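Undergrad: Below, each chain spelled out in residue letters.
There are 2 protein chains.
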Amino acid sequence: MDKVESKFASLETDSAPGQEVRSRVAALSAFRGDLLPGPEVDFSHGDVDAFLPAPGALEAFLGGVRAGGKQAYTEYRGSAGIRTGLAARLADFTGAPVSADNGLILTPGSQGALFLAMASTVAAGDKVAVVQPDYFANRKLVRFLEGEIMPVRLAFLEAGGSAGLDLGDLEDAFRKGAKVFVFSNPNNPTGVVYSEGEIRAIADLAERYGATVIVDQLYSRLRYQGTTYTHLRAADIDPNRVLTIMGPSKTESLSGYRLGVAFGSPRIVERMERLQAIVSLRAAGYNQSVLATWLAEPNDWMAERIALHQAIRNDLLAKLKTVDGMAVRTPEAGSYLFPKLPPLSIDTADFIKALRFQASVVATPGSEFGPDSGSFVRLNFSQKHAEAIAAVDRMATLIKRYGN
Amino acid sequence: MDKVESKFASLETDSAPGQEVRSRVAALSAFRGDLLPGPEVDFSHGDVDAFLPAPGALEAFLGGVRAGGKQAYTEYRGSAGIRTGLAARLADFTGAPVSADNGLILTPGSQGALFLAMASTVAAGDKVAVVQPDYFANRKLVRFLEGEIMPVRLAFLEAGGSAGLDLGDLEDAFRKGAKVFVFSNPNNPTGVVYSEGEIRAIADLAERYGATVIVDQLYSRLRYQGTTYTHLRAADIDPNRVLTIMGPSKTESLSGYRLGVAFGSPRIVERMERLQAIVSLRAAGYNQSVLATWLAEPNDWMAERIALHQAIRNDLLAKLKTVDGMAVRTPEAGSYLFPKLPPLSIDTADFIKALRFQASVVATPGSEFGPDSGSFVRLNFSQKHAEAIAAVDRMATLIKRYGN
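Protein chains in written order, with our numbering: chain A, 219 to 622; chain B, 219 to 622.
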């Protein structure tokens with residue numbers, strides 16, 4: 219196996235959310251019982267047919283097309299006009315200033331922002347503190363960049379009033395030389411939100427050890443009743459060491475436009491633009507126009523979207539809690555549930571296949587999010603309400619069927 | 219300077235096409251004479267207001283939006299339905315089979331395809347044969363991936379009946395261990411097309427030395443009268459060692475949608491998809507729908523587009539040839555002219571500034587394309603015809619003004 223080949227072996231995507239279509243589903247000899255009828259529910263990502271794209275998006279896109287050449291060929295970091303309006307709204311949302319000129323870049327999705335940010339701060343051999351569990355790409359990016367993962371545990375099931383970050387692990391990683399810490403808040407896959415105390419502690423440790431923090435706040439707008447959210451960039455921390463990532467793909471259902479943003483440290487944003495120039499040039503020019511509607515939606519639209527998700531969350535949680543031996547924490551934000559399966563007679567990978575083949579339910583295996591999450595599954599509950607409930611019912615039936 | 223910082227120093231983009239807006243233009247003490255009035259012409263990229271996006275593009279995009287979730291969340295390599303139709307048309311265009319299932323990936327622009335292809339074949343320390351001059355990102359990508367550039371000269375000004383590739387240089391690079399050769403055909407920035415003999419020789423050498431060839435054919439549809447084009451992938455070469463890159467951003471003026479494709483070697487396409495999963499996930503879902511119209515435009519539309527570009531090319535060439543001491547080769551394809559400036563009293567970087575400040579003409583310095591092209595400038599002549607002629611007139615005036 220040559221050097222490139224071994225590098226790509228670690229980027230295996232067969233279980234990645236959205237890629238299920240490439241693997242054939244067949245009955246396994248381990249399967250028991252009959253098929254459970256019901257409309258397919260794909261919990262690997264949100265259903266943008268259930269929660270439609272935010273209002274005004276398409277009209278804004280058409281405006282971009284009408285603008286012609288100047289919108290097709292923007293600066294690599296994105297249209298200056300769009301950045302100006304957006305910087306003000308992002309500052310307002312996060313509670314700390316954003317420079318439209320030097321502190322903001324538009325990217326092809328928040329995935330694009332995350333890649334550029336990590337590649338702009340991590341070189342081969344560098345140590346990177348990574349939360350476990352956390353968004354699957356975080357670990358893969360460190361591996362692709364030939365960095366070294368310093369795991370930081372998130373005891374989310376045990377914690378109350380906080381996300382459960384192991385601050386000892388984090389300090390240990392910094393003490394051993396990690397210069398970058400990457401985490402999502404709310405956490406993907408668990409939906410937990412870091413407490414003010416945790417965010418302050420992260421800021422303190424980053425300052426003390428001179429580390430850079432990349433915080434993925436993709437789901438930070440979809441917060442449920444009673445949740446307090448603290449923006450790291452508004453904490454007592456040098457703004458040059460924080461980069462925040464957001465985007466309208468999730469809560470706003472604009473994933474089909476592939477838009478993301480990163481803002482904060484001008485030093486990192488400058489590098490990200492240089493790299494974007496050879497990776498993808500820019501976020502699609504016409505699509506950038508859609509960002510003019512972002513963080514500017516009608517208030518009642520956002521309130522309704524949150525309420526509808528909260529209702530689905532509550533109903534699915536109630537169902538899951540009736541399953542013997544299942545452990546699940548109530549997500550405070552975002553649209554993921556991350557239940558721990560009870561002991562089963564088949565392994566999680568085969569259970570995921572049974573779910574798909576026997577119950578028409580697509581779920582993402584917990585192993586995508588960290589080495590200790592093998593008995594968890596992730597469900598994106600941004601779905602048609604009744605169908606999601608029926609799907610979780612079928613899942614409960616299968617758990618019972620394969621119970622140990 | 220830490221490791222990451224030094225890596226990014228080599229990715230400097232201040233002179234990159236499209237980034238001119240970020241640098242302030244000010245009068246230099248070296249400037250002589252008055253401003254030359256006329257509408258600004260930005261030769262750094264094509265003018266999509268002069269040559270409008272190909273017919274049907276927007277309608278296809280709207281179809282993608284209407285398709286909803288299934289078009290927003292495609293496989294990372296792109297929608298299977300779109301790949302199926304496109305694979306057949308790409309096979310027809312290039313004269314060799316394309317597998318929709320395993321041999322084709324949709325990317326955010328052809329820049330996205332080039333990045334993924336290079337990152338999927340080049341590891342740190344690997345030698346890569348790179349043509350000089352060639353597309354500026356080729357060299358930057360090798361540097362970013364910490365590979366080693368093995369230069370292969372293109373004697374385009376001297377050659378007749380061929381592009382002028384130095385096959386001795388290429389064999390030398392392979393003999394010294396280069397496992398990858400990357401080149402654009404037609405060549406960007408010169409517009410020359412590789413002869414059948416050159417393509418055959420490249421295929422022979424790649425086979426003999428077991429090398430992979432990445433060929434960027436972005437401009438291969440915009441061919442002028444009398445030009446014979448040979449597709450490397452249809453030559454006598456193992457299809458597993460060739461990856462071809464194309465896209466509708468140039469001839470078809472669809473740059474605002476950011477779409478590209480790579481096709482050929484299943485091994486490389488598989489790696490590219492794994493990498494795309496952590497770099498940008500996928501080409502924007504709705505935008506992918508636009509590719510259903512690509513390579514399926516009305517014949518007369520394409521014929522007219524080629525004829526209009528050929529007419530601009532001829533008129534600009536005639537102007538440039540009247541300038542004392544200027545050397546230029548007639549481009550056989552694409553929309554670039556790459557004239558060599560006569561000796562001037564100011565260096566090329568300052569002349570580029572004078573062009574912009576005094577004559578409202580934006581040109582790209584030849585130094586972006588290779589270390590030996592410092593006295594060249596690149597002009598993308600996909601512009602409004604009369605304005606382009608007037609702009610080259612102003613450029614001729616400045617050349618005379620700053621003549622040595």
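One thing to keep in mind: the hints can contain errors.
As the list makes no split between identical chains, a pair holds if one copy fits it or if it spans any two.
What the hints assert, rightly or not - With a straight-line cut-off of 30 Å between C-alpha atoms, the simulated DSS-like cross-links for lysine-lysine are:
(1) Lys221 / Lys394
(2) Lys537 / Lys288
(3) Lys221 / Lys539
(4) Lys558 / Lys288
(5) Lys558 / Lys602
(6) Lys539 / Lys345
Note that these hints are calculated values from the structure, not bench results. Computed from a predicted model, the values in this text were never measured in an experiment.
Undergrad: Next step is simple, just say for each hint if it's right about the structure.
TA: Results for each hint:
In this assembly of identical chains, Lys221 and Lys394 lie within 30 Å of each other by CA distance both inside one copy and across copies; the values are 27 Å within and 18 Å between. When the C-alpha separation of Lys537 and Lys288 is checked against a cutoff of 30 Å, the pair qualifies only between copies, where the shortest distance is 28 Å, while the shortest distance within a copy is 52 Å. Taking CA atoms no more than 30 Å apart as the test, Lys221 paired with Lys539 passes in neither setting, with 47 Å inside one copy and 50 Å between copies. Taking the shortest alpha-carbon separations for Lys558 and Lys288, only the inter-copy value of 29 Å comes in at or below 30 Å, while the best intra-copy value is 50 Å.
In this assembly of identical chains, the alpha carbons of Lys558 and Lys602 lie at most 30 Å apart only when taken from the same copy (23 Å versus 63 Å across copies). When the C-alpha separation of Lys539 and Lys345 is checked against a cutoff of 30 Å, the pair qualifies neither within a copy, at 39 Å, nor between copies, at 57 Å.
Violated hints, listed in ascending order, are 3, 6; each of the other numbered hints is respected by the structure.
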